[in-house]
Each structure stands twice: as C-alpha cells, then as structure tokens.
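Asks: In the order they appear, the protein sequences are chains A and B.
Using my numbering, read the first sequence as starting at 1 and increasing by one per residue.
Using my numbering, read the second sequence as starting at 433 and increasing by one per residue.
To be clear, the hints were calculated from the coordinates, so they are not data collected in a lab.
Built from N, CA and C at the ideal position, the CB exists for glycine as well.
Treat each hint with caution, since some may be false.
Restricting the straight-line Cα-Cα distance to at most 35 Å, the calculated cross-link-like pairs of lysine-lysine (DSBU-like) are [stated by the list, open to error]:
1) A:Lys349 <-> B:Lys473
2) A:Lys301 <-> B:Lys456
3) A:Lys146 <-> A:Lys52
4) B:Lys456 <-> A:Lys338
5) A:Lys301 <-> A:Lys146
6) A:Lys349 <-> B:Lys456
7) A:Lys334 <-> B:Lys456
8) B:Lys456 <-> A:Lys166
9) A:Lys272 <-> A:Lys184
10) A:Lys184 <-> A:Lys349
11) A:Lys393 <-> B:Lys456
12) B:Lys456 <-> A:Lys309
Pulled from the structure, derived: some chain B residues nowhere near chain A, Cβ distances all over 12 Å [stated by the list, open to error]:
13) Ser437
14) Ala438
15) Gln441
16) Leu442
17) Glu477
18) Glu484
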Amino acid sequence: MQLDIGTFPVNTVVFDSETLLDEDELKISRAELQALLQDDPRIAGLEIEIVKPGESARVIHVCDAIEPRIKVSGAGGCYPGVVAPVTTVGQGVTHRLHGMSVVVSAEYPRLLETGTGAAQEAILEMSGPGALSPLSKLINVVVALKFAPGHSLADYHQAVRLAGFKVAERLAETTREKTPAHVKHYELTAVPSGLPKVVYIHQSLTQLNLPVPFITWYGSYVTDWMPLLVHPNEILDGALLPGAQGGHAVKPTSWEHVNNPVIERLYQAHGKEWDFAGVIFHRTRFEVFEDKQLSANQAAKLAKLMGAKGAIITWIGAGNAFIEAMLTVQALEKEGIKAVLMTYEHGGKEGREAPLMYTVPEADGVVSVGSLDRPIVLPKVDRVVGGDDLNIKPESGDERVSGKEELQLDWYLPVQSAVDHWGFGKQTCVEY
Amino acid sequence: MATISAMAQLAQQVGASRVVVGRKIPHPCGDPTLPDEFDFKVREEIVTMAFEALQTSVGAATVFRPSHTV
Numbered sequence: 001m002q003l004d005i006g007t008f009p010v011n012t013v014v015f016d017s018e019t020l021l022d023e024d025e026l027k028i029s030r031a032e033l034q035a036l037l038q039d040d041p042r043i044a045g046l047e048i049e050i051v052k053p054g055e056s057a058r059v060i061h062v063c064d065a066i067e068p069r070i071k072v073s074g075a076g077g078c079y080p081g082v083v084a085p086v087t088t089v090g091q092g093v094t095h096r097l098h099g100m101s102v103v104v105s106a107e108y109p110r111l112l113e114t115g116t117g118a119a120q121e122a123i124l125e126m127s128g129p130g131a132l133s134p135l136s137k138l139i140n141v142v143v144a145l146k147f148a149p150g151h152s153l154a155d156y157h158q159a160v161r162l163a164g165f166k167v168a169e170r171l172a173e174t175t176r177e178k179t180p181a182h183v184k185h186y187e188l189t190a191v192p193s194g195l196p197k198v199v200y201i202h203q204s205l206t207q208l209n210l211p212v213p214f215i216t217w218y219g220s221y222v223t224d225w226m227p228l229l230v231h232p233n234e235i236l237d238g239a240l241l242p243g244a245q246g247g248h249a250v251k252p253t254s255w256e257h258v259n260n261p262v263i264e265r266l267y268q269a270h271g272k273e274w275d276f277a278g279v280i281f282h283r284t285r286f287e288v289f290e291d292k293q294l295s296a297n298q299a300a301k302l303a304k305l306m307g308a309k310g311a312i313i314t315w316i317g318a319g320n321a322f323i324e325a326m327l328t329v330q331a332l333e334k335e336g337i338k339a340v341l342m343t344y345e346h347g348g349k350e351g352r353e354a355p356l357m358y359t360v361p362e363a364d365g366v367v368s369v370g371s372l373d374r375p376i377v378l379p380k381v382d383r384v385v386g387g388d389d390l391n392i393k394p395e396s397g398d399e400r401v402s403g404k405e406e407l408q409l410d411w412y413l414p415v416q417s418a419v420d421h422w423g424f425g426k427q428t429c430v431e432y
Numbered sequence: 433m434a435t436i437s438a439m440a441q442l443a444q445q446v447g448a449s450r451v452v453v454g455r456k457i458p459h460p461c462g463d464p465t466l467p468d469e470f471d472f473k474v475r476e477e478i479v480t481m482a483f484e485a486l487q488t489s490v491g492a493a494t495v496f497r498p499s500h501t502v
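Bound conformation, chain A alone:
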C-alpha cells in the first residue's frame, strides 16, 4: 500500500468572489460554500468566518475540525464512508491544504439532559493560555450552524458531519490540478531484518449508551468491536474519524486523526531505528470486565502475530476506557512485547491526587502528555465566533455566560483538544 501526500501550505485565507488557491493564499467564496449546505433542512442558519492564530478570538460550540484533503489518483476518496465510498483507502495520491482547517460549530439542543451523552461545551482559543492544541496554530474557516428545531440527535450529527466534510472537500478541490509544494511518500517497505518490529495500538472509546457512539471507521459507527488490524495509510486518508459533537478536551478532531504524530514518527524512523509493523485499532469502554480483558488479550495477540517486539499505546476517553489501556500494557508485556503507554494525568487541581485511576505493575514505561485536571482561566477576547453566549456547565443548569468575557474553568475539559493524546505539543507533568 503506497500513498503519496501532496502538501499545499496555506498562509493566508481570504473571502473573495470565487473559491480558488493562489500560491499559498486560499480564496473562499462565502456564497458558494453557503449554497453547498443550503438544502439541508436541519440547518436553519449558517455563517462562515475566518479566525487566525494569535488573534484575540474564540470559537464556541466546536464540533469538529477537518483538514481539507482529496484523493487525486488511486482507489477511493478521502474521508471514506462520509463523503466517499467505503473503498479501501491509503493508496495513490492525496492532496491536502495544510496550515488550516474547517471548524464546524453548532450548539446542540439538550435532547439528553444528563450523563456522558449530554451536549458539552467545546471552546477553541486562538491566543492566550487556552491556545493549547494544534488547532490554535491553524487558520480556521469556521462553519457555524444553527439547527432547525424538531430533528433527532442522530439527524443533527449527520448535518454537522456533512457540512464540515462537504466544505473541506470543496476547499481541497482547489488543489486538484496543481502541483504540491512537497510530497511525502508513505509505505511500509520491507526493511533489513534485525530491526525490531513496532506496532501502534490506537485505542478509542465508543459510547454505546448514546444515540451516536462517537468514533467511526469508514463512516460506520464502531460498536463492541474486537481489535482490528489497520494500515496506517488508511488513517492518513481519513478512515478513522470522530463522530460529530466531537467536542472538548479528550475527544480529538478529524484534523488530529489524519495528522497523528505517532504515525508520523513511526514512519519517520521506519527502516532506520525500527520496523513499523502497522496499527491495531482497539475499541475500548467495554462495560463487562471480561470483555475489557478479552479485547486487551486480542490486541496483544495481533501484535504477537505481527512479530512485534515493541508497542506504543495511546487512548482516547476518560475513566472507563483507561482500564483497557492498562490491561493492554499488561497483556503485551506478558507476551514479551515491550509496551509504552502515552496518557494524560489527573492529579486534581493542585496535582496532589492520584494521577492515574488504575495501574498494573507491568506499566513501567509511561509517557505523560499533561494533566486534564488543572484549572485554567481564558481571558476576555475581542471576537467570538459560533454564537454570543455559552453554557460551560450544562450539567448544573441553564446559566449562560457571554462568549467574549473571561471564562474560569475548573479543568481543561471544555477546551477543545486541550489534552494532547498523541504528542503534537510538549505538555507533560513534572514532580516538583
């Protein structure tokens, strides 16, 4: 499976009368993008705005961020199952607009009032202490939707997804006939024997108690699946995506999925320091302990069959899903495979509480990617996009605050992608 990704760096995005790419300047016709989405009966209002890194701006009600990508040759299309057929991807030539994203913003009606499925706020800061994620370093084209009343949650999810990916696809289309600034080749080539085989175990929760259980594989909602062998190129072409209403700190966006730095790094030293053997996608958040243990054992079994000597494990979720992360470390080590887990920590407001909710003795190589629990103050901003006000704690009632004002957050959770699951940045925890 050979994939060439052609990158078109975008340094400026402006509104214009037509949509086209002029060197590193992307011109966008607002009217054209609005026309793309105007027939969706679930969308009652639509605004398109641009926010830039360093700007005193905040996007609220963030659902997802998408890197514009299109397939220009080879089988299938980018983001299969959503805006392309379910043809196996990861081959041919993909173009992408880099340095920007399409951010979808929409406030969900509170059809679910409580629990993990209740709509939660997700804020994207373009400057200041809350600009923690890679998304804050991008030029973001924000597609802000207002829902028409009377539809189901599943309907709203679909509307959000289609809006984001249709706009992203249209923008990526501007690159089709052009030559990329640079091209990177992704292939799991045969390498000299003797290099240790390394697998990437890519865990994500899905929540089967919800109408829409979060992660999709080729557009298909991942339910209680056992671990699946995946080619990393499939992920680079957008086969693995968060569902809509992605929102907040512990649910990475589509942009992050296709730019996963763990995959980049494993490719970078493939054939030099190690032999990148592939990816195991591992669905987590089983509700029965035996199922957690079984899925961990199956992931370790696949790694063993692949000849792995080492494994990197990342996880998405909070609480429940962490058990599988630890059980997988244990199962791998029992198979003689060295396991390194990347995880965020808890630790409470002052870092004095337990950092991890569950541990196993075999977990002797753990990389900390920062804390979820620290309080954070988001300063007043000049501009808010996606609405005027928001509800930071929907579980505590209907209190709404102005989107422009200072926001005092008890922890990182409402900040979109503030937890750096896959190592985009340099967040960590240190003892002092």
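Here the structure of chain A is known, so what remains is to put chain B in place on it, guided by the hints.
Replies: Same frame as chain A, now just chain B:
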C-alpha cells in the same frame, strides 16, 4: 461492608475489604441486554454472593466471584 463492582480490580486497588464481582459498569447487579431469565439468574447470583460475603470474615481485600455464566 461488601462492594459490588464490575471493576473488581479498581475496588481492590482502593482497599475495599469484600469485593463482589458485578456484571457491567452501568449495571453492576445484572445485565439488561440478556434475556430476562438470564438477567434474573445473574442478579440472584451476585446479590446472594454479596450476602455471603457479608457473613464471611476477611483479613485482607478479598474478591468474591459469582459465575456470571449464562
């Protein structure tokens, strides 16, 4: 005290004295996805074992494991 928990290892880690292995995280005493009669059997086993655990004297953290087999 006896703790019924689907995550017995966690309960043990925080020092619960008698841990009865429950079925599902959101449904520790049963499994509504099972047919009614199996769900009833699982519930009966778990709750009965919790009563047995309460009547058992323990030194260290002890796990009581209903069969859960359906």
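Asks: For every hint, state whether the structure bears it out.
Replies: Cross-check of the supplied hints:
{"no.": "1", "hint": "A:Lys349 <-> B:Lys473", "result": "violated (44 Å)"}
{"no.": "2", "hint": "A:Lys301 <-> B:Lys456", "result": "holds (25 Å)"}
{"no.": "3", "hint": "A:Lys146 <-> A:Lys52", "result": "holds (22 Å)"}
{"no.": "4", "hint": "B:Lys456 <-> A:Lys338", "result": "holds (30 Å)"}
{"no.": "5", "hint": "A:Lys301 <-> A:Lys146", "result": "violated (47 Å)"}
{"no.": "6", "hint": "A:Lys349 <-> B:Lys456", "result": "holds (30 Å)"}
{"no.": "7", "hint": "A:Lys334 <-> B:Lys456", "result": "holds (26 Å)"}
{"no.": "8", "hint": "B:Lys456 <-> A:Lys166", "result": "violated (39 Å)"}
{"no.": "9", "hint": "A:Lys272 <-> A:Lys184", "result": "holds (17 Å)"}
{"no.": "10", "hint": "A:Lys184 <-> A:Lys349", "result": "violated (42 Å)"}
{"no.": "11", "hint": "A:Lys393 <-> B:Lys456", "result": "holds (28 Å)"}
{"no.": "12", "hint": "B:Lys456 <-> A:Lys309", "result": "holds (34 Å)"}
{"no.": "13", "hint": "Ser437", "result": "violated (9 Å)"}
{"no.": "14", "hint": "Ala438", "result": "violated (6 Å)"}
{"no.": "15", "hint": "Gln441", "result": "violated (7 Å)"}
{"no.": "16", "hint": "Leu442", "result": "violated (6 Å)"}
{"no.": "17", "hint": "Glu477", "result": "holds (15 Å)"}
{"no.": "18", "hint": "Glu484", "result": "holds (20 Å)"}
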